[in-house]
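S.K.: Take the numbering used here: the final residue in the sequence shown is number 192, and no numbers are missing along the way.
No wet-lab data here; the hints were simulated from the structure.
Glycine residues also receive a C-beta, built at the ideal position from the N, C-alpha and C atoms.
One or more hints might be untrue.
Straight line, CA to CA, 27 Å or less: simulated DSSO-like cross-link-like pairs of lysine-lysine [what the hints assert, rightly or not]:
1) 164 - 117
2) 185 - 170
3) 170 - 187
4) 81 - 101
5) 70 - 164
6) 81 - 164
7) 164 - 101
8) 117 - 147
9) 170 - 81
10) 117 - 70
11) 144 - 164
12) 164 - 147
13) 120 - 138
14) 170 - 120
For each label pair, taking beta carbons as the anchor points, the in silico distance ranges come out as [to be verified]:
15) 82 - 147: 32 to 42 Å
16) 115 - 86: 19 to 29 Å
17) 178 - 146: 21 to 31 Å
18) 167 - 143: 43 to 53 Å
19) 143 - 192: 44 to 54 Å
20) 146 - 167: 46 to 56 Å
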Amino acid sequence: MSIRLHFSTCLFIVLCLLGCKREVVFIQDAEDMERMEPDSILLAEMISIREQAMITKNMPMALSQFGKQATWINSQGYFFEGQDEVEKFHGMLAGNDSLDYWYKAGKPKIRLLDSNNALVYYSWKMFWYQKAQKTDTVIREIGLMTLNAQKQNNQWKWVAVTNQHTPWFYEKIKAVTIE
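Construct the complete structure from the given sequences, taking the supplied hints into account.
M.R.: Here it is in structure tokens:
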């Protein structure tokens with residue numbers, strides 16, 4: 014094998030391995046944004062938009078991020094299939110006649126699976142209080158959301174969401190190891 018062919022083969026293998034690397038990102042500050050791939054930035058912005066939509070109860074804004082065939086499993090395990098059912102579920106959150114909520118999202122962890130698929134994780138908390146007496150918090154929900162994003166017509170959409178309750182709110186999701 015010639016040196017030139019050997020070098021070309023090695024270079025090809027190295028480039029393939031580098032191309033296979035997928036990014037896992039935590040959004041912390043502007044410096045983090047500068048180091049991110051464009052798709053990760055878009056997905057992080059979607060979480061920020063979702064958080065603001067939940068805070069302001071702008072459900073059309075939150076729902077515009079979902080694909081037509083989206084599915085949602087809420088923190089109690091109920092399965093909602095299709096954009097219409099996901100919309101009805103969000104309507105129940107924002108349209109409650111006696112309860113209102115306070116909402117906060119943690120920093121997202123983004124895992125690009127390939128150029129058209131990603132997983133996004135973030136911690137959330139939603140404290141429900143009586144509309145008549147805002148100091149009366151009646152339900153404290155804390156959880157972790159897993160969102161499956163898919164690029165559809167060059168635009169990211171949430172296609173599957175799973176929520177689970179957790180005992181604590183994690184400002185930043187950290188991987189754990191078992192020794």
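S.K.: Has the given pair, residue 120 with residue 138, been kept, meaning a C-alpha gap of at most 27 Å?
M.R.: holds (12 Å)
S.K.: For the pair supplied as a hint, residue 170 and residue 187, confirm whether the alpha-carbon distance does not exceed 27 Å.
M.R.: Status holds; Cα separation ~25 Å.
S.K.: CB of residue 82 to CB of residue 147, is that within 32 to 42 Å?
M.R.: Taking Cβ atoms as reference, residue 82 and residue 147 lie about 38 Å apart, which means the hint holds.
S.K.: Can you let me know if the beta-carbon spacing of residue 115 and residue 86 is within 19 to 29 Å?
M.R.: Holds, at about 23 Å.
S.K.: Within 27 Å, alpha carbon to alpha carbon, are residue 164 and residue 117?
M.R.: At roughly 26 Å apart (the allowed maximum being 27 Å), residue 117 and residue 164 satisfy the hint.
S.K.: Check whether the Cα positions of residue 170 and residue 120 lie no farther apart than 27 Å.
M.R.: Roughly 19 Å separates the two Cα atoms, so the pair holds.
S.K.: Do the alpha carbons of residue 117 and residue 147 lie within 27 Å of each other, as the hint requires?
M.R.: Status holds; Cα separation ~17 Å.
S.K.: Quick check on a hinted range of 43 to 53 Å for residue 167 and residue 143, using CB atoms only.
M.R.: holds (45 Å)
S.K.: Given the hint of 21 to 31 Å, check if residue 178 and residue 146 actually sit that far apart at their C-beta atoms.
M.R.: Given range 21 to 31 Å: holds, Cβ gap about 25 Å.
S.K.: Is residue 185 within 27 Å of residue 170, Cα to Cα?
M.R.: holds (23 Å)
S.K.: Under the criterion that the straight-line Cα-Cα distance not exceed 27 Å, is the pair residue 164, residue 101 satisfied?
M.R.: holds (24 Å)
S.K.: Taken at face value, is the distance from the CA of residue 70 to the CA of residue 117 at most 27 Å?
M.R.: The given pair, whose Cα atoms are some 13 Å apart, holds under the 27 Å limit.
The structure shown violates the earlier hints numbered 11, 12.
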